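Trainee: What follows is the residue order along each chain.
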Amino acid sequence: MPNANTRVAYRNARLLDPASGLDQTGTLLTEGAKIADFGPSLFNDGVPEGIEVVDLGGQCLAPGLVDMRVLIGEPGEEEKDTIKSASRAAVAGGITAMALLPNTDPVTDEVASLEFIARRAREVRLVKVFAYAAATRGTEGNEITEMGLLSRAGAVAFTDGTKTIASAKAMRRALSYAKTFDKLIVQHPEEPSLASGGMMNSGERATRLGLVGIPREAEIIMIERDLRLLELSGGRLHFAHISTGESVDLIRNAKRRGLKVTCDTAPHYFALTETDVGDYRTFAKVSPPLRGEMDRRAIVEGLADGTIDAIASDHNPQDQDQKRLPFAQAAFGVIGLETLFPLTLELVHKGAMPLLEALACVTVKPAEILGLPLGRIAGGAPADLVAFDLDVPWKVDVDTFKSKSKNSPFEDRPVQGRPLRTIVDGRTVWQFEG
Amino acid sequence: MTGSPHNLTIFPHRHLLGIEGLTAGEITTILDLADGYVEQNRQPSKKSLLLDGRTIVNLFFENSTRTRTSFELAGKRLGADVINMSSDGSSVKKGETLIDTAMTLNAMHLDALVVRHADSGAVKLLADKVNCSVINAGDGHHEHPTQGLLDALAIRRRLGHLEGLIVAICGDILHSRVARSNIHLLNAMGARVRVVAPPTLIPSQIDRLGVEIHHSMATGLRDADVVMMLRLQTERMSGQYIPSTREYFYFYGLDYEKLSVAKPHAVVMHPGPMNRGVEIDSEVADDLKRSMILDQVELGVAVRMAVLDLLTRERRCANA
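If you read the sequences in order, they're chains A and B.
Residues in the first sequence are numbered consecutively from 1, following my numbering.
Residues in the second sequence are numbered consecutively from 1, following my numbering.
Among the hints, a few may not be true.
[Stated by the list, open to error] Chain B is faced by these chain A residues, among others (derived, beta-carbon under 8 Å):
no.	residue
1	202
2	203
3	204
4	206
5	211
6	325
7	394
It is worth saying that the hints were derived from the structure and are not from the lab.
Because the structure is a prediction, the values reported are computed rather than measured.
Cβ atoms here follow ideal geometry from the backbone N, Cα and C, with glycine treated the same way.
Produce the entire structure from the sequences given, and follow the hints as far as they go.
Mentor: Following this line, the structure appears as structure tokens:
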């Protein structure tokens, strides 16, 4: 924590707050770990003595990103990413809070595991680290975990992470029991019996490449089933990384019916398609698989009309040994912490979404879904901020990334906009060094 | 055949990883050259010195007798030193990755590498890392280009041409690299291709590869010039695609009755090894007037000689 009295004035900033719709040039003052004041006329007559001044030269200042879907290898597979390496990658990507999936070794299904993550995060002290706890013991899909005790220990929500809660009975129990603690269940919607053995989206490309396909229906069916269960049990349900047009339609209708359902997608589902698998590029092997162009467009529309609430990086580090393999044997997953922001801004630059709406998908909306008081510029709110250049063009260069793993399908992609400075609890934790 | 590499067409590909992407002209070049090798192979002395001093490795990660033997014979008849490596004997089983294998092979200064692997795309992965020509001898469900070429050569020699022929490819299309190579090749050469199988054995959107889909042998074989039977690849099947081989044979096994709707001169092919009584009746398989199954084996050697010849030309010219 910075000294409770440390005060910093960020002057000449384009203040952007998606929650309130603020988009004005002015000054923002942090005091200790909080936002003390902000506005177009703040300190117009000069900054008083004792306040540090940072002139942003007209660059943007927004709430730091809240990445609600991050997988790292600690504990268990530290060679892929640790809490430290992922934290460094996160702040370099403008992320000030991230939620970690429970698919570690051991699985995060015990209070002690949550305490371990919290302790490591305190030691690293860069990004705010939250943790999901498993919805079922060992993410095995059978018995529900001690949701009450895990909630008390800080579990931000419950999910089996990269695994589907496949049993309808287990899903019904999880949704129903989590209500007691007003906790969210997050589902990886994919019917395992249709997807098992699959490597990429079913269709012409998979057929040409001789790869086993995963039909879109594997996702659609699971969303349909879970929406029924949600109606039956009540509770709150969130679908992670949706990838098909029908998924968007189903969730749009469910929201109209008043169900408490939310969803996110990941940049690769609006920025890539199955053609990016090319000639067996294992960096484009993700779960759910990259879909066709019509689905990609439907995901963009779902973001634009607000059906899709959030964009999460779906960061899933895999080292060379897991990716330099025949496609069938290669692991699923891409890294995403350092590309989440520029790829979200790509939606803005392409005219698919207004800036504030795109920012909402990576700040206040995921924060609200997880029940975190983050992602806003407001008096008294945590001073978790990102200063960024909205327009600067650059090319994704994975070698400069802080993540231990380099499995990005976006290498060499021209993008626009990059973070310049990341502030967590009033403290600058990262600055761009050109 | 002489060993002189001068005045020869240079084949514009370094590797043969699949038929997809080859032009009709390139396919014809291979088939024409293979015709010559058929004659060489029928002479009392079958060996030339074209690839004298060259080294070819057959790297088979999947068991195969006939394809490996065919490649071995092809290499030896061209005078090359041919070494067989199989996954049982190599360090692959000891956890060496494909990339490591590639590096090891590079250190051996090979001229050509023939690879079979159970995973689609694995041969491409190796080809990207080795500095010799690579021939795909079958990768997963993807392609088996020399099988496609030898099938085309067999048809061309028997029926005189490929263009305009109706070819019915029957059986386990889903798991078949032979089917994919044949579809690409026959389409490139202007034949009409049908696939005939129960829906569970038809891959998604295969019609976009330019084939007609049939689920009944009665319509699929009607007026066909060529009937290509595929082996039911029970070892590749995860889960149940057909209720039983008995039921499969009843509806999709080739016998004279099902064959009767095809053209009177229609020929029957099978890439082997056959499951008699599952996808093909023994009477049909052994009918020398209809079945080209043994021709396929003979022509396989010639086609592989042609491919080895073409792919090593640039290298031979450079050293000449």
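Trainee: Against the structure, test the hints numbered earlier, and report the numbers of the ones violated in rising order.
Mentor: Of the numbered hints given earlier, the structure breaks just one, which is hint 7.
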